[in-house]
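Asks: In case you want the letters, here they are:
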Amino acid sequence: QVQLQESGPGLVKPSQTLSLTCTVSGGSISSGGYYWIWIRQHPGKGLEWIGYIYYSGSTYYNPSLKSRVTLSVDTSKSQFSLNLTSVTAADTAVYYCARASVGAAPDYWGQGTLVTVSS
Amino acid sequence: QSVLTQPPSVSAAPGQKVTISCSGSSSNIGNNYVSWYQQLPGTAPKLLIYDNNKRPSGIPDRFSGSKSGTSATLGITGLQTGDEADYHCGTWDSSLSAWVFGGGTKLTVL
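Chains A and B, in that order, are what the protein sequence lines are.
Going by my numbering, the residue at position 111 of the first sequence is 124; the numbering climbs one at a time, nothing skipped.
Going by my numbering, the residue at position 92 of the second sequence is 105; the numbering climbs one at a time, nothing skipped.
Treat the hints with caution; some may be incorrect.
[Said to hold, decoys possible] Label-pair ranges, simulated between beta-carbon atoms:
1) B:S70 to A:S99: 37 to 45 Å
2) A:K90 to B:S79: 39 to 47 Å
3) B:L109 to A:V115: 14 to 22 Å
4) B:S79 to A:Q29: 43 to 51 Å
5) B:S107 to A:G21: 26 to 34 Å
6) B:Q29 to A:A103: 33 to 41 Å
7) A:S91 to B:S81: 37 to 45 Å
8) B:T18 to A:S77: 13 to 21 Å
9) A:K90 to B:Q29: 42 to 50 Å
[Said to hold, decoys possible] BS3-like cross-link-like pairs, simulated, lysine-lysine; straight-line CA separation at most 25 Å:
10) B:K80 to B:K67
11) A:K58 to B:K119
12) B:K59 to B:K30
13) A:K79 to A:K58
14) A:K58 to B:K59
15) A:K26 to A:K58
None of these hints come from the bench; they were simulated from the model.
We treat Cβ as the ideally placed atom computed from N, Cα and C, and that holds for glycine.
Work the whole structure out from these sequences, hints included.
Replies: Below you can see the structure in the form of structure tokens.
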């Protein structure tokens, strides 16, 4: 069974870059056929899709965040990563990594990690 | 403000049936598959329904999904206290070129 685990700092200062990594186990990130996704959830709010990356490195970002987001993948480590620049308090959220078959809904999710933006 | 509209909360008694609505537009629900997620307190969302009405392996048939036009509905029968959770709908939005979600509905089993 595929498992995903987020890791990274839980506290980021305003204007800095939020960096998170998702480690995938129980399945190959480079097997193809899947998008590797980042989604966030502001406290007490709904879900917001950030973007996805394919094992080849192809990316697609939410237009509302596109100017600040970069996704990358390291197939040798079975990891993919999120960089979000110029963060503000509005970026405080639980960040989830997830997997979706191409053209389908996200099915496997990580447990999520809370990132707080504060000085 | 979420692209998809869900009621903030619903409630029903154990053993009863409840439905949760998800309203969108032709650019999202109207022309794309809808999925539903269950989020128990303090946990990650779990896929309940995909492609409007399909259940992943292990999801009991007490959970069902349907779609009509630009709206979708999640139904839960035989309510249990363990069903108390937030439920989210989601789909692709062709105009926004992004996956979109509803604001979530909190289910209380009285």
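Asks: Taking only the CA atoms, is the gap from K80 of chain B to K67 of chain B under or equal to 25 Å?
Replies: holds, 12 Å
Asks: Take a quick look at whether K79 of chain A and K58 of chain A sit within 25 Å of each other, Cα to Cα.
Replies: holds, 21 Å
Asks: Okay, K90 of chain A versus Q29 of chain B on CB: inside 42 to 50 Å?
Replies: Distance hint for K90 of chain A, Q29 of chain B holds at roughly 48 Å.
Asks: Evaluate the given range 43 to 51 Å for the C-beta pair formed by S79 of chain B and Q29 of chain A.
Replies: holds, 45 Å
Asks: Verify the CB-CB distance for L109 of chain B and V115 of chain A against the hinted window 14 to 22 Å.
Replies: Hint holds: Cβ distance 19 Å, inside 14 to 22 Å.
Asks: Take the C-alpha atoms of K58 of chain A and K119 of chain B, compute the straight-line distance between them, and say whether it is at most 25 Å.
Replies: holds, 11 Å
Asks: Within a Cα-Cα threshold of 25 Å, do K58 of chain A and K59 of chain B meet the stated pairing?
Replies: holds, 16 Å
Asks: Does the Cβ distance between S107 of chain B and G21 of chain A fall inside 26 to 34 Å?
Replies: Hint holds: Cβ distance 32 Å, inside 26 to 34 Å.
Asks: Range hint 13 to 21 Å: satisfied by the CB atoms of T18 of chain B and S77 of chain A?
Replies: About 18 Å separates the Cβ atoms of T18 of chain B and S77 of chain A, which means 13 to 21 Å holds.
Asks: Just tell me: holds or violated, for the beta carbon distance of K90 of chain A and S79 of chain B against 39 to 47 Å?
Replies: holds, 42 Å
Asks: Verify the proposed pairing of K26 of chain A with K58 of chain A, using a straight-line Cα cut of 25 Å.
Replies: This hinted pair holds, its Cα atoms lying about 22 Å apart.
Asks: Could one say that the CB atoms of S70 of chain B and S99 of chain A fall in the range 37 to 45 Å?
Replies: Taking Cβ atoms as reference, S70 of chain B and S99 of chain A lie about 42 Å apart, which means the hint holds.
When the structure is compared with the earlier hints, no violation turns up for any of them.
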